[in-house]
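Colleague: Chains as they are written, first to last, in the UniProt record's numbering: chain S, 1 to 589; chain W, 1 to 591.
Don't read these hints as lab results, they were simulated from the structure.
Computed list of lysine-lysine pairs in DSS-like fashion (alpha-carbon distance at most 25 Å, straight line): (1) Lys-241/S with Lys-29/W; (2) Lys-228/S with Lys-114/W; (3) Lys-488/W with Lys-106/S; (4) Lys-422/W with Lys-232/S; (5) Lys-562/W with Lys-463/S; (6) Lys-32/W with Lys-238/S; (7) Lys-241/S with Lys-30/W; (8) Lys-238/S with Lys-114/W.
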Amino acid sequence: MFQLKWLWHNLRGDRTRYILALCLSVVGSSLTIINPYIGQRIVDTFISGDDALRNLTEERSLLIGLCLGMIGFSLLRTGLAYFTTLLYERASQNMLYRVRIYLYNKIQGQDMHYYDHNRTGDLMTKMTGDLDMVRHTMAWIIKTIIESLTVFAAAVVYFFYIDVALTWWLLLLSPPIFIVAFLFARRVRPMYTDLRERLSQLNTTTQENIAGNRVVKAFAREEFEVQKFTEKNVNYSKANKAAAMVWLDYFPYLETFAQGFNVILMLAGGLFVMNGRITFGEFSAFSALIWGLSNPMRNIGIIINDIQRFFASLTKIVEIYYAHPQIVNEHNAAVKRRYEGRIQFDNVSFKYDNATVLEDISFTVEPGETIAIMGATGSGKTTLINLIPRFYDVTKGRVLVDGTDVRKLELDELRGNIGVATQDVLLFSDTIDGNIAYGDPEMPEDEVEKFARLAAAHDFIRKMPEGYNTIVGERGVGLSGGQKQRIALARAMAVQPPILILDDTTSAVDLETEEHIQKSLRELDYSCTKIIIAQRVSTTAQADRILILDNGRVIEEGTHQELLARRGYYYEVFMLQNEGIGRQATALG
Amino acid sequence: MARNKFDIDENLESPFDIKHFRRALVYIKKQKTPMIVAFVLSALSAGIALSAPLIMQHVVDVTIPAKEAWPLVGWSALMLATIVVSVILATIRSRIMTRVGQDIIFDIRTDLFKHLQELPFQYYDDRPQGKILIRVVNYVNSVSDVLSNGIINFILEILNLLFIGAFMFAVDAKLSLVILAGLPVFFAVMMLLKTRQRRAWQAVSNKSSNLNAYMQESISGIRVTQIFTREERNAGIFTRLATNYRREWMKTMYLNFLIPFSVDNLTTLVTTAIYFVGLLAMGPAEVTFGVILAMSSYAARFWQPILNLSNLYNSFINAVAYLERIFETLDEPVTVSDVPNARELPPIQGRITFDDVTFAYDPGHNVLEHLNIDVKAGESIALVGPTGAGKTTVVNLISRFYNVTGGRILIDGHDIAEAKLKSLRSQMGIMLQDSFIFSGTIMDNIRYGRLDATDEEVVAAAKIVCADEFIREFENGYMTEVNERGSKLSQGQRQLISFARTLLANPRILILDEATSSIDARTERLLQKGLNELLKGRTSFIIAHRLSTVKNCDRILYVADKGIAEAGSHDELMARRGRYYHLYTAQKMEA
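Could you build the full structure based on these sequences and the hints that come with them?
Modeller: Right under this line is the structure:
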């Protein structure tokens, strides 16, 4: 069975431990069957037996011995149980640990396409609730199954040994129990799949509400959000109830059958005693151990319940577990070369979900050059730069770095040679220092400060209560847009990459600060090819070349002056942006 | 600034007490009636189930020795009947309790979520999102069973214990004391473990919170991680967090399973003590064999509920670790809320007055000082100035995202501190720097601005902001599914959608905070035309760095040095040749 195979596979490293635990479970549950006999022995010998009185005076040492034996036996049994349970816990925690880290790496290794189609809340559900179900399966379900089976088997063997016919009469109850259990399993399974889905929706709604809390407040949509949440909450609650109700539809039958062992024993056993088939003592032996049949049967329902839950969760987990990104980072770049920084787009086209985003783009950037890209919203600027570090692969054509197709380069090496400051600034809930040094956590503090200065971030960071040790929230909340951008810029520059890509990184920065940044970029102390996406002419003016994108095509290409002279898109933008401050294109051109 | 990050535990100083349960009682009380019914059913079911051993005993003692076949059938039928009845009662109880348990956590979760809606930005700024999420979903789930079945079983077991205790004493008081002698030991063990166990569970909840916070952050920051090729290092951090979690979990388990271990052995000890005392110390003269036999079985029966209770106790102490987090969140103060007799703000005309406003995020660090601004209804105001000077703060104060530290802000002469928040914010359109997109269709995302807007109105708003064209280019047009992180939309497109959302709200006051920073100049120009039409008669505040956005505003305020450094129209400010002039002309534009 796939599920078992999967568990076994992931148990690697703890298989011995787990098997030991299973064996000890068998021993331990056998002991629970033997346990009552010492007590019985004491009672028989010293209390209810015929020569109890005589034994009491003559065999005191036996009594003391038996009592001590009972205590010792109890210590042994409970000690063993304690040890066994911890073995299960340890093995299941280790497995949880391994799977969790494996999944984490899987998630980290997915390409952008995957992230475009999977919601954070959904991934979080997999990493929390679903994983816990796996742990529960290993630590509890399998343990319970084994222990129930042992007790059941031991009781059956013992019963057969005493009397075959009565045992068969008792076992008559097993088939109906199994049938009911089977029917239950079949019916409850889709309910847990459903429940699982609703939990995921609840998680997603909550997560988005938290992430978007500013928008919620800005629109005073608290009530709407509560409504939306309540709907998911109700759905989840309903699904929980529904699954439990299905269980309770079958529970009475299973429970009645399980307790029915007592009735059969009383009736059939009683009749057997009456007609002399078995002795009274044998009847007592049966009744002393009848729980060995009924308890495991009672557990069947609970076990099936949990197994179905586990199946529903595992289905979700394997979605990530076996997810295979189209762009795979093998992480096996032994020596990471430093590139020169030549970038070439060779007839590149790119389609996303069947829509053409880029068409037939060709251009070359020489090492050390600065290229500016400008164009209308949605014209494909960000997509174009996303192709260089291979966030996506081209549909047609080639992207070459230092003359080699990026698809043939080691991904770690390629990305390690590129510094990107993305448009949507994502910072981590870490100190500012930790955020700037994200690419190289060992970076000394004065280096961090140096790059912060270059990005015109040092001044505001210094003014913060805890300076570079100030913790910024996720998405850098608590910082202004321009401040976030400058930290992201410092972070990208700090890698000292031969290729630096700035995706509209200074849009929220005031012009004065931007000028400082431009100066820094020109004077970087390492050689660096720069690709800068910008909307402001002030940002693009100094570039070696400017590309204008429109609808996924390059419509203009040239220097600032050349493009102004062309009186095309660029000229138009220039005029729009300089209206009113008396600066004339001609005066500059 | 944030106080917490993924690897910092959130410490709770409050000592362990029953207070958390008393608070939980508020939720449990709502379910009083069904719980009492369930309790009665349980007691009945347990009572009926007790008759089975009695029947068995009678059959063994009387019916079988007498070889009465038909009475045996009769007794068997009776036993089956008691089983059926007690199972049916137990099933009904479970049905009731399933609902109760689900309803309790439903209520807690709803309250928690509602409270979160009222918490200020600061709360969200202060901690990783994953830590909030795990409380609302996972923690609340964890307490469901304890707060429903746990309580009932607790009472049942106590009753059970009292019953057996009473029977026990009725049979023999001295030997009963022997059985009770185990209790002090039991309590000593519990006392010894209690604090450690609580600490241990707290540590588990802390570590799982950290782990999840990092997980969530790794997902949202994946693009940055990949480009910086930090995967391995992040995996290292994650491994460390997972290791911490595993360690704390195992520590907790070591303690947890000590309890059944102790109780089990104590049961054996008191049972053997009965034999010792009864048979050896007292002897047949003082106590009959029958009594000893009965007492030895009572010993086991008396300690069974104690074992059950201690297992319940284990889950209670685990639940407390989650409950205290939940209640801590519920106790988080709401700093911006309606004052006791807040009034509805009448339809806004649009005059806004800052009257000697001072503001500080952290006491002692004023961001704005003695600010006085008077904006006429319908005026459009641009806020410019260096980043971090407080432009966003100014607009955040108008929407009362924060309370002013000193002074007042008036809208049409009404102090906004005394107006109902909802009546204030629902009349304002605020477009933030961060254009958040909810997962759902583009249509839904725009409609977020006005929930009852028709499709036509949504499209009309999209047309004004020049978003209609690109939206229609998608295969599914307005019904295209988008999500928070997805790259289906470019940043500029996100801004346009969020712009449309703001316009749809038909606000009396419009606030645009870097709303068009990622939008190209040409689109912006087109947008401006539609916008100018729309802005007529509405007050607006625009924060922007781009001159083209700023210069058409009626008045430009240059924010710097904790106040307004320059104010006037574009032409006036250019003529003044001050900081504004400098801002736009100082750049060297020659190639």
